[in-house]
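Undergrad: As a plain string of letters, each chain reads:
Number of protein chains: 2
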Amino acid sequence: MPSPFIQACRRQHTPFTPVWFMRQAGRSLPEFRALRERYSFFELLASPELTAEVTLQPVRRLGVDAAILFSDIVAPLAAIGVGVDIKPGVGPVFAEPFRSDADLARLRPIEPDEDLQPMLEAVRILHAELDVPLIGFGGAPFTMASYFVEGGPSREYARTKALMLGDPGLWRRLLDRLADLTIAVLRAQVGAGAAAVQVFDSWAGVLAPQHYERHVLPVSARIFDELRGLGAPMVHFGVTTGELLGLLAAAGPDVVGVDWRVPLGAAWQRVGAKAVQGNLDPAVLGAPWEAVAAEADAVLAAAAGRPGHVFNLGHGVLPDTDPDVLARLVDHVHARTAT
Amino acid sequence: MPSPFIQACRRQHTPFTPVWFMRQAGRSLPEFRALRERYSFFELLASPELTAEVTLQPVRRLGVDAAILFSDIVAPLAAIGVGVDIKPGVGPVFAEPFRSDADLARLRPIEPDEDLQPMLEAVRILHAELDVPLIGFGGAPFTMASYFVEGGPSREYARTKALMLGDPGLWRRLLDRLADLTIAVLRAQVGAGAAAVQVFDSWAGVLAPQHYERHVLPVSARIFDELRGLGAPMVHFGVTTGELLGLLAAAGPDVVGVDWRVPLGAAWQRVGAKAVQGNLDPAVLGAPWEAVAAEADAVLAAAAGRPGHVFNLGHGVLPDTDPDVLARLVDHVHARTAT
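First to last, the sequence lines map onto chains F and R. The opening position of the first sequence corresponds to residue 1 in my numbering, with each subsequent residue numbered one higher. The opening position of the second sequence corresponds to residue 340 in my numbering, with each subsequent residue numbered one higher.
Okay, chain F solo, but in the shape it has when bound (with noise of 0.2 Å):
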């Protein structure tokens, strides 16, 4: 019998809404604290069993009903020999941005047997052990392109920005060389036991409609074109996406992630026949818990009625979440939502 996390993506009856929180393996946790202060986050990922371990931790921890694979959007790019760091506080880093044509002989094609052999043992790891279903996770091609042209995090996106709108054929060329890369990645972690896939698209939400809609969509559903048939459902998120919601579900994912700056009823208008996954502000978890309960009770009262909602937070936990509160939350959400 297939869980709830799997049957809401599905748009079925589930007997709760399911719960998880994007960056539940992460700094919120002080056992995952303790790890980071031994190793680096290329020391976790290079670690089947760290890997495990981490995306394991809140799964214990908060009772959440899926866990997901702990990653990063660039670690691909990582894996097929692109300098790049992730900075504490920081993020992603890369030594040589993307500047030219040049650059596109960077992204070769990848292998996941070799190239991915530690996160796809640390798949198989988890596949065994947990009792939820476990989501792999890919990045989406703007936003891993925005890391490379801007050469690490960025507020304003001039760049990449610049190169979509000035060089919109090696911009095309980029983003399929690393859509690629996503779909051989995601492919190869359902083949080890991901039951679900993320793409996460989470900085698409700086562009205008009409850029996204011309530059950067028809992409992105080539990713779902060719995943789809592996049966495992699939999510696509992103922030501050109002004006993208329709756009982003007609990429052709089975889940559209909602930040909170939409109201959770009137975005599932703009996604239509999918399920969402959302939307409470991050932020809110940092409030006394009676703010936290009515303001999850309003996300659960907004998305009543009708089969197709996962629960989850609108962007990931802050680092300085309380793990009980997350870990309440998780019950209230059940307890709330059981039939």
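Incorrect hints may appear among the rest.
[What the hints assert, rightly or not] With a Cα cut of at most 20 Å, we get these calculated SDA-like pairs of lysine to any residue:
(1) F:LYS87 / R:ARG438
(2) R:LYS426 / F:ARG328
(3) R:LYS426 / F:ARG155
(4) R:LYS426 / R:GLU468
(5) R:LYS426 / R:GLY402
(6) R:LYS426 / F:ALA221
(7) F:LYS87 / R:ARG494
(8) R:LYS426 / F:LEU130
(9) F:LYS87 / R:ASP411
[Said to hold, decoys possible] Here are a few chain R residues that sit away from chain F, every Cβ distance over 12 Å (derived from the structure):
(10) LYS500
(11) GLY532
(12) PRO548
(13) THR580
(14) ASP598
(15) ALA606
[Claimed, not checked] Here are some of the chain R residues that sit facing chain F, going by a computed Cβ distance under 8 Å:
(16) ALA467
(17) LEU469
(18) ALA497
(19) ARG600
Because the hints were derived from the structure by calculation, they are not lab data. Even for Gly, the Cβ is constructed at its ideal location relative to N, Cα and C.
With the hints as your guide, set chain R onto chain F.
TA: Only chain R this time, still in chain F's reference frame:
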């Protein structure tokens, strides 16, 4: 006869679409950078002549249809003695952030003639020198509070939101004091010669609409209510405000700023019977001219057929922007819309 900018704010027919740019005075201009090498930000604000000079620079070079008083959202806080610095490349940084009821006492009433003497003298100089309207500059309570509570710029606004949801009474007292400050500052600017005002709620778009409506809108509305009788058109602006546009309009301005994430036509529907200002993505200006012109034409096409459009960017000019592109864009908009 009123200027095209004022006419557009009032939704009257104009001989061409008026243009100005947020942050038109600033680091994109070499003449500004030259001054900034010799003076700190607050040294510029402390001198009426330098404030006026910096405000005039883009009018001379770019041919824009309005000037905006060179200032900062936190300038009134500095003027009443709250310790704040503007760090280059960072933004406002408070030595002692707002934490509790006791900090309300630091927000004493402002005495414009004393506390704002250099600012108001700059407005008088500009009123005498300018051939185009001067837009007064004020911060909206939410964005001012976010800087004061976080201690500086933020990505997550976690402390701000925790205060807002966790202690709504204190939050309201804080916002009311900040609104009083903005009302006094803008009234004084108009008294000294500003022909319009813009109230910057730059970061309001980080809020869920229901939080904005309950915890921010009533306070922002009081600003517009109290200033309406001055007769100066009032602009209200923020980014990532797609879902808030109707609420920003309900606060009572004459003109609502629109970032590039919402197509201007859709934005105008949400705003209703008001003028709109925007909405070119500032990052577009880094693309080749043909792309810039095409994007500007798309904005103009979305605004065509009804009066009440002020052409602007969806957010401030990026520091690396070529001033020649800005000047060319002003000419382009004028030529395309001349009747």
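Undergrad: Failing hints, ascending?
TA: 1, 2, 4, 5, 6, 8, 9, 10, 12, 13, 14, 15, 16 and 17
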